[in-house]
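Student: One line per chain: the protein sequences are A, B and C, in this order.
Numbering-wise, the first sequence is residues 1 to 107 according to this note's numbering.
Numbering-wise, the second sequence is residues 1001 to 1497 according to this note's numbering.
Numbering-wise, the third sequence is residues 2001 to 2498 according to this note's numbering.
Worth flagging that the hints you see were computed from the coordinates, not collected in a lab.
You can trust all of the hints, since none of them are fake.
Which bits of chain B does chain A cover? Going by a derived footprint, with three or more residues having C-beta under 8 Å, they are:
{"no.": "1", "segment": "1143–1151"}
{"no.": "2", "segment": "1157–1171"}
{"no.": "3", "segment": "1181–1193"}
{"no.": "4", "segment": "1226–1235"}
Stretches of chain A that chain B covers, calculated by requiring three or more beta carbons in the stretch to come under 8 Å of a beta carbon on chain B:
{"no.": "5", "segment": "61–72"}
{"no.": "6", "segment": "77–91"}
The beta-carbon is built from N, C-alpha and C at its ideal position, and this holds for glycine as well.
Read off the chains here:
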Amino acid sequence: MSPLLTYGIAGAGLIAIGLYALIVRRHLLRKIIALNVIGNGVFLTLVAAAPRLGAPDPVPHAMVLTGIVVAVSATAFALALAVRVRDATGAAALPPPDGDGASGPGH
Amino acid sequence: MPLLAELPLLPWTVTLPLGGAALSFVLRARAPAVGLAAGVATAAVGLLLALQVATAGLQRHAVGGWGAPLGIDLAADGLSALMVAMTSVVGLWVSLYAGAYFGAGNQDGEHQRAYFWPLWLLLWTALNALFLAADSFNAYVTLELLGLSAVALVALAATPAALGGAMRYLLVGLLGSLLYLLGVGLLYALAGTVDFRLLAAAPLAGPATAVALGVITAGLVLKTALFPFHFWLPPAHASAPAPVSAVLSALVVKASFYLLLRFWFWVLPEAATPVTLNLLGLLGALAVLWGGLRALTAERLKLLVAYSTVAQLGYLFLVFPLALGEADGFTAWGGMTLLLLAHATAKAGMFLSAGAILKGAAHDGVSGIDGAAQAMPVTTFAFALAGVSLIGLPPTGGFAGKWLLLNAALATGQWGWAAVLLAGSLLAAAYTVRVLTHAFTRLPGEPPACVVPGRLEWTAVALAVTALALGLAAGEVLELLRVGAPVVGPVLLEQAR
Amino acid sequence: MSVDAWLPALIVLSSLLPGLLIFFLDEERHALRTALNLAGAVLKTGLVGWLIWGVFHDHAFESRMSLVPGLDLVLAADALSVLFVALSTVLWLVTTLYAIGYLEGSPHRSRFFGFFSLCVSATVGLALAGNLVTFLIFYELLTLATFPLVAHRGTPDAMRGAKVYLAYTVTGGAVLLFAVAWLSALAGPVEFTAGGALGDLAQTHPAELTAIFALLIAGLGVKAALVPLHGWLPQAMVAPAPVSALLHAVAVVKAGAFGIVRVVYDVYGVTLAADLGVLQPLALLAAFTVVYGSVRALAQDGLKKRLAYSTVSQVSYIALGTAIFGPVASIGGIVHLVHQGVMKITLFFCAGNLAETLGIHNVSEMRGCARRMPLTMVAFTVGALGMIGVPPVAGFVTKWYLGAGAVAAGADWVLVVLAMSSLLNAAYFLPILYAAWFREPVGPWPEEHPRGRFEAPLMLLVPALVTAVLSVAAGLLAAAPFSPLDWAKLIAEREYGL
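Extracted from the complex, chain A is given alone in its bound form (with noise of 0.2 Å):
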């Protein structure tokens, strides 16, 4: 088995072990790693697609660092929002979706 090979199959996995965890796991902490882990795989994936003969294709590799980025900034914002759901709700997890969430007026 080609080493691309495996680093693709490598990342189709761990795509598939972040989505398990971000659909099934309630701790919102543990749903924004689940999306990191499935950004890495995503980003794995791409990188597999790099190779070509002679020098390395340099585009996936931009376009990873490019991803790596928006997901470093993703990742901080979603843990702030995190902490202030937390605060808001009592508990680190998604409030119910059409829920009685009464805001009030002048919204």
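With the hints as your guide, set chains B and C onto chain A.
Tutor: Okay, now just chains B and C, sitting in the frame of chain A:
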């Protein structure tokens, strides 16, 4: 107009709001004024761009002079010009509204007023850049920017419901973008490029291409809230502040749908099979019915309007079975575009008027608007007119769009979609009347004095009237849409001749 | 651009623009509001007079605007549209006066008169529509404009009636939209042409045309109150009397009936419709509605409800006349558009007067009321006699032509239906007349207003008398040129190519 054709409008549509965002963040105290100025300027440039494309045809600009395939290009054809114009019109009125909405009366006013403008202008930047993106990876970056600013705007309301809705939106959005990125990467591996034009020309076929398209579609469908992935939309749109809800329903969800169109109609039309097309159409149909039913029973007014968005987005997916792979697909293509534009203006008007009514109301349930027809007749009129466009009654843009889609469905013998269009109209009529009945209910005693600023009412009316004007100007819109369209055919089909 | 291209559009605008302006007026600006209303009505009457003269001399009036390539908004004047436009215009003028008097002192008059004007604009628009899509557009606008009128009072009853009304009419509108879209997909833009506009499509697609016909009738039948789609009409009686008058005589119900006439004569053509075999079921449905409406009317004690069921019955005469093949029956059906309008509006004006002056809402309360309100009851009697078919009121002319046409077409069973209907009409109108004129009142009136110089305010009395006179004139002078009957004959000639 030769002068118009020369103007480099494309980069300005992106740099103006970006600069405005930075300025309004730095000049915290003057944020509303700076933000509004930037908004007006951006809207003007956007509308000029539409005019430019209408008169001079396809536009392309190489940012920094680099040029594709390594540089970032901005490109405008008929569809993107219309999207930018839609963003300009809705953005202009929403900006005017927001200036008054986050005014002195609001408790959280200070905080929201300061941070709304930079975030809103960043969102506008992302929208314009996305609609004008000429390669799929740049689209990814703008998609992420769009998602993050949208989530931040939802969270601006700072209530538990808003924070929960924002968190859910963020998680779903990030998942969607990651799937999209995966697809873009796979396509690059297969074709060696990310530029849309080059991708369209590349010989892409086989199971790998199908997987790439499938993953891209999964990600974008998640972000467009297609049934059954719509669960995140109602909580987010309903608990956000009114101008934010308007922008989210009218513009943000359309961005990911626009990318879907780019991939299916331009890049990989040969990968479409009748099964997949009908599946997309079926999910759209289910969205129309499910969204309409949930709107009928919603307890809160903004939740009703949010479910209406879910339903209306479903109509848009009918373009897949009706236009792709058909010899004369322009009818359905035009109908979908008209519906998209009409929905943007009407839904924004609806959210703005709902926000104005609720500002003066006791609670945010649907019955909280009892007596609104007496206290705030102008706003009620805006809501009603917007509802008329969503139902699809003439002479609004919603009617024009539905007529074209009906024509396409009936002329090609696809009865199911025609039935869905009609059922959706009836459901929309039912939930609009539900709201209007409450508004017209006479409250005992004198109607309370109207406490909301006049600007909130008139911007809502302006948007609703735009939906009406779209119906009257449908011919011109379709002319612009022809520029660079992926399908051809007459505007209206005839079966027997 | 020539006058011929502007006139139809101007006629629609003459009530649309004042209506839009009225919305912005303050409640207290009575004089300005009345001035705008009347100015629009008078202007429209003048323009319509011009139109009638022009159509009689075979002028071609047409306003055309392109909505999308391949779909035009067309306003054109032919004999049938002129008939309906003239009816709408004259009755609008009269109803405006009545409404001004009736709503004296009520709140939200600007809103009321704004939607009132929109309603008439929509009616006139669909009268002048030159193709099915334009008709559909104004038909839907009519629904939108009349909903706030029905809901005007804002009470729970009013809202309930309005919701029922909207449920029926929007559903009917959706069915109509489907049918029109289907036909347009099949045959392209369908412009109204005397004798039919579908060409030889009947040869190639008979089954589809039949299905489309059924759907068109279903969609139009809601507004035309064909059984079983009539349920909204009695419920909509919660509206103020001017609204009931307008809905029944001029706007909504007539729009549906007018649509049926257009579909049979100017879309399908009466010959094609007969060949397809769709006229028989329509005739049966119309006949059933005629009888059913009358039977239900018998059982109603509420005066407006009884009149509502009477409308259900009477408007189906139009559909019946249309569905019987032959020029004589067609004349009967078409002319009843006008006759039923003037007679029914008289009855509703009188019902409104009785309610306003004496608080009478039920038939059982009407004993002896003719003593107190003789002029009103004279008008009511004229209208009632017309409904029964007594000469010289206009209703007699209609029944005569319908009967003669039925015999000429060999449909003798229609005579039975007409006779039964007249008997039933007599059964539910004559007792009212007898009780009002010849019985003594039982006790004090439910809610009497003090008597002024006249038995009721002039603004309420004069319109009723005017329309009563028109009902008699339409019958007495039926043979005169430019009478409704004469015009109906012209329409039938052009349809049958005589």
